[in-house]
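Peer 1: So the protein lines, in turn, are chains Y and U.
FYI, my numbering numbers position 252 of the first sequence as 252, with every residue one higher than the one before it.
FYI, my numbering numbers position 73 of the second sequence as 73, with every residue one higher than the one before it.
Honestly, the hints are just simulated from the structure, not real lab data.
Since the model is a prediction, treat every value here as computed from it, not as a measurement.
Don't take every hint at face value.
Note that the list lumps identical chains together, so a pair holds whenever it fits in one copy or between two copies.
Unchecked claim - List of simulated lysine to any residue pairs, SDA-like, C-alpha gap at most 20 Å:
id : residue 1 : residue 2
1  : K312      : P256
2  : K312      : G249
3  : K170      : T330
4  : K170      : G35
The chain contents come next:
Number of protein chains: 2
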Amino acid sequence: MVDIDGNRLNARLEAFAAIGGTVKGGVNRQALTDGDRQARQLLAELALARGFTVSQDPMANLFIRRAGRNDTLAPVVIGSHLDSQPAGGRFDGALGTLSAFEVLESLEDAGIETERPVVVVSWTNEEGCRFAPGCMGSMAFAAGEIPPDWQGKLATDGASLVDELKATIKSLPPAQMISLGFPIHAYIEVHIEQGPALEANDIPIGVVGGIQGTRWLDVVIRGQTAHAGTTGLAYRRDPLRALTAALSGLYETIMPDDTDARFTVGRISVEPGSVNAIPDVARCTVDMRHPDPMRLDEIEQRVLSSIAKEAKRQGCEAEMSRSFDMASCTFSTDLQAAIEQAAMVRGLKSTPMLSGAFHDALFVNRVAPAAMIFVPCRDGLSHNEAEHVEPDYAVAGCAVLAEATLATSRMTLI
Amino acid sequence: MVDIDGNRLNARLEAFAAIGGTVKGGVNRQALTDGDRQARQLLAELALARGFTVSQDPMANLFIRRAGRNDTLAPVVIGSHLDSQPAGGRFDGALGTLSAFEVLESLEDAGIETERPVVVVSWTNEEGCRFAPGCMGSMAFAAGEIPPDWQGKLATDGASLVDELKATIKSLPPAQMISLGFPIHAYIEVHIEQGPALEANDIPIGVVGGIQGTRWLDVVIRGQTAHAGTTGLAYRRDPLRALTAALSGLYETIMPDDTDARFTVGRISVEPGSVNAIPDVARCTVDMRHPDPMRLDEIEQRVLSSIAKEAKRQGCEAEMSRSFDMASCTFSTDLQAAIEQAAMVRGLKSTPMLSGAFHDALFVNRVAPAAMIFVPCRDGLSHNEAEHVEPDYAVAGCAVLAEATLATSRMTLI
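Chain Y with its partners taken away, still in its complex shape:
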C-alpha cells in the first residue's frame, strides 16, 4: 500500500482552481492561454521542489519524471490535462493530473522505489474548445509528429497555434526539451465520470474498459414551403413532418433496445421559420455512439434509412453527411484487472464501465497499454462551473491510482 495524502490532494485542487477561477467557482483556463501557462508553471515548481525531472515536448505536453530502480525501462505514465472549457469545472483534467502528482509525491514521501520510472503527464489541449480538435497533445504524441495541417491552425480568438505553442514552451524555462513520443510501459488516467452512473449507484471507482465510438451526422431535409392555412395535406411536402417521424421512431428503438447505444439530437431548426408557414428545410445533427464498431455501423444505417424513408414518404429529399467519426477503443485488460485489484486492496467498490466521452487515454492507447479510473461527479455534471467531486471520491481515485501504478510498474503487460 502507498499512503497518499488526501488533504494535500484536496488543497492542491483548491490551489489550481484559483488559476483562471471564475466567480461561480469554476475555471476558465483554456489551452495555451496565460492561465494554462500559470498552471503548468505551478506544477513544474512543485515538481522541481521535490527533485523530479521536468520536461516538455514540441506540443507543450508537460512531463514530470521520478526515476525507477531500472531507470532505462519504459515508464508507467499517469496523468491527464490542465486546460479547461471556457466555463469549465475545476476537476475535469485537473483531478487526473494532480492525483498523478500526488502519487509521485507519496511514493517519494514513503521512499518507495518503483521498478520502472513513473512519469506524470499533463497533455496539451484536451478540451479542443479554443483550438479544435481536442486531445491535440496526446494525438500528436501517439502519431510521433505534429500533423502538417496544424501549421496554419487558428484559435477561436484568432491566435496562431504555432505561436501559442512557442510562447507556452518558452514560459517554462526550467523544463528540458524532449522530442515528441517515447515508449510507454502503461498509461493510467484518473478522470471524473462526466456522467451520473457512479454517483447514482454509490460506487467510488469506475474501471473503464474502453471508449465508445462516436459518429456525427448533419441532416438536411428539403421540402416546399407553403401557407399553413391554405395548404391541404395532399399539397404538403413538409420536411419537419418527415424529420419528427424518423426521430421519434429512432428515439423509441436505438437506446431502449441497447443499453450501450447513445443517440442524441442536439440541434434542430427549420426554414423559413415563420409560425404560419410550412417549412421548406428541416435540419438536425445526430450524435451516435457505441463501443462496438459493428453496432455503430448498424445504428448509423438505421438512422440514414429511417430519415431517407420518411423524407420520401413526405415527398421531400434528404441529404445526410458525416461530420465526425471517431473509432471506439478497448483498453488493456491487464490494466483494467490491475485497477480492479487496486480498488479491492483499498476496500473500495468498483464497477466496469465504458466512457462515453473521449479522453487522452484513447490516443495513448494507440501506442501503449492504457486504461482509465473514473470517479463520481455530482449529478453527472461536467463542462459546467458547478462541476463537483466529493473530496472522499477524489482521494479514492488517487489511492487506486497509486496502487495500480505500483503494481503496473512490476507487471509484464501483454
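Fit chain U to the known structure of chain Y by using the hints.
Peer 2: Positioned in the frame of chain Y, the structure of chain U alone reads:
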C-alpha cells in the same frame, strides 16, 4: 350579363404592379408608405375621371361610389386592398380591388343602372407586415372606431401609425372625408386562393363559404442538458424526444383524419444547441386551423394533452400558451348562392371551398352579409414575388363578381 373588359383589367394590373414594383416582378408596397399612397392616388384619379365619388375615412380606407337607382339604400360593397408584403406578389389584394373597379367601369360603360349604389373599397393595411395586426382598416370599420390602443402603435421601421394615417389621408386631397363605418347591404371580395386546390383541379372559381378559425400555440418543454456520450437512457430527461414523439403522432392524425383541419409547426429549436449535448429546452410553435370552432377546440386539446403526456413520459415539464386566436367565420349563404349562380351564368366551373387565410371579408362579415370569390394562383404561391394569376382566371373572377354584384343589388338578403 355585364360585359367586362378583360384587357383593361389586365392592363390595370400591370400599371399598378409598376408602383413599388421589384426587379423580380413582385411588389413592395407596404401599408401607408409612399408606394401605397401612389396606388391610392392612381385609383382615385381613374375614379374621378369616370365621374365616381371618391371618399376616405379616418383609417384611410378608400371608397369609390357609383350611384344606384335608389341611392339612399345601403350599397353593395366590392373590393379588397392595395398594400402588399415587402416581397409580395402583384395580385394579392390588387386583383380584388381592380376587379371591383373594372365592375364599376363596366356598369358605367354599359349604362346599367343598379338598384343600389355600388361602392369599391380598398381597405388599409390588410397585410399587417409593417403595422401589426393585419386587416386594420376593415377591423376598425367593423368596430366603428379605431381601437384606442392603436394610438401609440409603431411600424417595423419606427414610423407612427397616427402620423402615417394623417399623411396618407392628406396625400389624397380630392377625396371627401367620411366617418368610420356605414351600413352595407352586401360585401363581395375577389382574391387569389393563395393555395393550390383550384389550379390543381382546373376550376376557375372558388365560392368561399367561410374562413377557418386559427389558433397559435407557443410550446416550451424543459428537461435537463447532459453529455451525449456519458448519459444513459435512465438518466436522460430529453425535451426533444418528448416533442418529436408528440408532434409525429399529431402529424399522423390531425390532418389525415379531417380534411378541413390544418396543423403546422413552423418554428422549432433547442437549447443549448450543441451537437453532443442533450438539450435542456425544446421550443416550437403550432398553427392549428379549422372552420368548426368545436373541432378547433378539440384539436387544441389533443395537441396540449399529447405534448403534456410525452413531456411527462420523459421527466420533462411542458409550458404551452396561446399566442393568437382568431375565431372562424361563416359567410352569407345567400351571397354564396349568388356567386355560384353568377359562375353558372358565365359558364365557369365553380367549387365551394374554405379560406385558410384571413381576409378583410372576415371583419366586414361581422357587420354585413359577406362572401368571397377565389381564383387560382400558380402553384398556390403567394406572399412571394413569383405569385402569378393567369389572365383568363383574373377575367373569370371579375366576370363572376360583376354578375354577383348586379344580382345582389336587387336581392333581399336574410
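Peer 1: For which of the previously enumerated hints does the structure constitute a violation, in increasing order of number?
Peer 2: 3
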